[in-house]
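Each chain, written out:
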Amino acid sequence: MSAGTLVVGSGQAALQLAVSLREFGDTEPITLVGAEAHSPYQRPPLSKAFLHGTTEAASLALRTPDFYTQQRITLVSGERVTRLEDGIAATDGGRTLRYQRLALAVGVRPRRLPVPGTDLSGVHYLRDLGDAERLRERLTAGRRVVVVGGGFIGLEVAAAATAHGCAVTVVEAADRLLARAVAPAISEFYRHAHLSRGVDVRTGVSVVAIHGHPSSGQDNSARNKAPNSVREIELGDGSRLPADVVLIGIGAEPRLELARQLGLRCQGGIEVDRFARTSRPEIVAAGDCTLCPEPLSGQGLVRIESVQNAQAQARAAAASLAGRLEPHAGVPWFWSDQGDLKLQIAGLSHPGDLHVVRGSMAEERFSVLHYRAGRLVAADSVNQAADHLAVRAALARGVDLPAELAADAARPLKHLLLDRRSA
Amino acid sequence: MPKITYVSVDGAEHAIDATSGDSVMATAVRNGVPGIIGECGGNASCATCHVWVRREFSDLVGAPGDLEEDLLDLGVSERRATSRLSCQIQVSPALDGLVVDIPPEQP
Numbered sequence: 001m002s003a004g005t006l007v008v009g010s011g012q013a014a015l016q017l018a019v020s021l022r023e024f025g026d027t028e029p030i031t032l033v034g035a036e037a038h039s040p041y042q043r044p045p046l047s048k049a050f051l052h053g054t055t056e057a058a059s060l061a062l063r064t065p066d067f068y069t070q071q072r073i074t075l076v077s078g079e080r081v082t083r084l085e086d087g088i089a090a091t092d093g094g095r096t097l098r099y100q101r102l103a104l105a106v107g108v109r110p111r112r113l114p115v116p117g118t119d120l121s122g123v124h125y126l127r128d129l130g131d132a133e134r135l136r137e138r139l140t141a142g143r144r145v146v147v148v149g150g151g152f153i154g155l156e157v158a159a160a161a162t163a164h165g166c167a168v169t170v171v172e173a174a175d176r177l178l179a180r181a182v183a184p185a186i187s188e189f190y191r192h193a194h195l196s197r198g199v200d201v202r203t204g205v206s207v208v209a210i211h212g213h214p215s216s217g218q219d220n221s222a223r224n225k226a227p228n229s230v231r232e233i234e235l236g237d238g239s240r241l242p243a244d245v246v247l248i249g250i251g252a253e254p255r256l257e258l259a260r261q262l263g264l265r266c267q268g269g270i271e272v273d274r275f276a277r278t279s280r281p282e283i284v285a286a287g288d289c290t291l292c293p294e295p296l297s298g299q300g301l302v303r304i305e306s307v308q309n310a311q312a313q314a315r316a317a318a319a320s321l322a323g324r325l326e327p328h329a330g331v332p333w334f335w336s337d338q339g340d341l342k343l344q345i346a347g348l349s350h351p352g353d354l355h356v357v358r359g360s361m362a363e364e365r366f367s368v369l370h371y372r373a374g375r376l377v378a379a380d381s382v383n384q385a386a387d388h389l390a391v392r393a394a395l396a397r398g399v400d401l402p403a404e405l406a407a408d409a410a411r412p413l414k415h416l417l418l419d420r421r422s423a
Numbered sequence: 001m002p003k004i005t006y007v008s009v010d011g012a013e014h015a016i017d018a019t020s021g022d023s024v025m026a027t028a029v030r031n032g033v034p035g036i037i038g039e040c041g042g043n044a045s046c047a048t049c050h051v052w053v054r055r056e057f058s059d060l061v062g063a064p065g066d067l068e069e070d071l072l073d074l075g076v077s078e079r080r081a082t083s084r085l086s087c088q089i090q091v092s093p094a095l096d097g098l099v100v101d102i103p104p105e106q107p
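Protein chains in written order, with our numbering: chain A, 1 to 423; chain B, 1 to 107.
Careful, some of the hints might be misleading.
Claimed, not checked - Here are some chain B residues the structure puts well away from chain A; computed CB gaps all over 12 Å: (1) Ile16; (2) Arg30; (3) Phe57; (4) Pro93.
Said to hold, decoys possible - To spell it out: a stretch of chain B is covered by chain A in this simulated footprint if at least three of its residues, at any positions, have a beta carbon under 8 Å from a beta carbon of chain A; those stretches are: (5) 35–46; (6) 66–72.
For the record, the hints were derived by calculation from the structure and aren't laboratory data.
It should be emphasised that the depicted structure is a prediction, and the values quoted were computed from it without experimental measurement.
Backbone N, C-alpha and C define an ideal beta-carbon position, used for all residues, glycine too.
Isolated chain A, as found in the complex:
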């Protein structure tokens, strides 16, 4: 028997890679090595249902323990692979593992905020279950929470913290929320929506420092305070925000150390082709850590952080390892639950796209459709799953939904789609 396949990572992409390999009939050993102590689990609920307290850790598991036994998938948990060379992997736990074939599903780490004070107690990042557990403990009624970063994670945390009775302020350096992900109209909608739910939103202002309480022992008056816990945030405009809890959500960076060791091409992500093959094509990579051709057009290189992409790419990666070429295609899609607001995004938008709004922002049910060179390319939908689904179907089938027709909210996009298809 060969040494089999080593999958570095134990997230959604890593698991899907292993599962797909078995589905493709691979019978050789498969080992997943992940730094976290848990077997593979769902990450998206960490900033949503888990933080709200409506989901517990046990229900996040992606597979039962029996599944791994039955499928002969070995999990090595709580150890990070630190060295890869000539078919041998070394972990920080002192273990060495032999492999015949290699897949990287190493994921991302939260981007660190480069200001003083981020090491104070009460300052959090959110990426894994441990982070979410620590943060959730702190979100109790009356606490003052400052969220640094108005992206998906930040706004989801803001919604959850508000639901727990915290007083929440979101600070975003860009001039609008969700700037990298959605159309300006959606950004403005979310600003209003969060303000009306009691969240203070500050855009166009950066954080310059986080200040703590003085250490106990140096100052008697501070004896009752927790040592070195966060006290306030200093902003670029000179203002200060008192804070008991700080959550920093300013994006994520791919883990590239192993790819660099292997000499793989990486420029802000591990470069892969449509078949999830790296610049050393015998090595595949999948998930948030990759930089891949835009799935629908095959053009350009994008890094996509989503479950859908992780799974589709992992299937393509497994196919490549199994010697069958099946491109990673499909319509990218994303979702974000912020309290009662369900945002769904289909396709990849660009800054220069033209926008058409359908539905009612006031009623919090609408979509913004993105057009490029006269064709529908993406849609951001709020509490409007029917639009989202119709756009996904249109993009998948290569059907255009013309702007002048799609703007009529009285006309379901579904009908438009079916009319166009038969035309």
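We have chain A; now place chain B onto it with these hints.
What follows is chain B alone, placed relative to chain A:
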């Protein structure tokens, strides 16, 4: 424990001892039942957990909600009278013995 049986296109039966409160989707995915994907984790967002509920159970399971209606309408390859998204069916003692068929493809 309520038992749920998933039937693949080739007739293979996967009988699973489910936990009340879990969804029929999560039960399938966690136990590795092929053909049920659950990409969105049970968020009623993706329609990749489509099943056909056997007729004798359809009243017990009930009809889809509005959001699920839209997903079924557009998201699935072959909608039938008893089509449901299995993430929206919660396992309970009353559903012991439930049988669902897995369609040949998920979107």
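Hint check results:
| no. | hint | verdict |
| --- | --- | --- |
| 1 | Ile16 | violated, 10 Å |
| 2 | Arg30 | violated, 5 Å |
| 3 | Phe57 | holds, 24 Å |
| 4 | Pro93 | holds, 19 Å |
| 5 | 35–46 | holds (count 8) |
| 6 | 66–72 | holds (count 3) |
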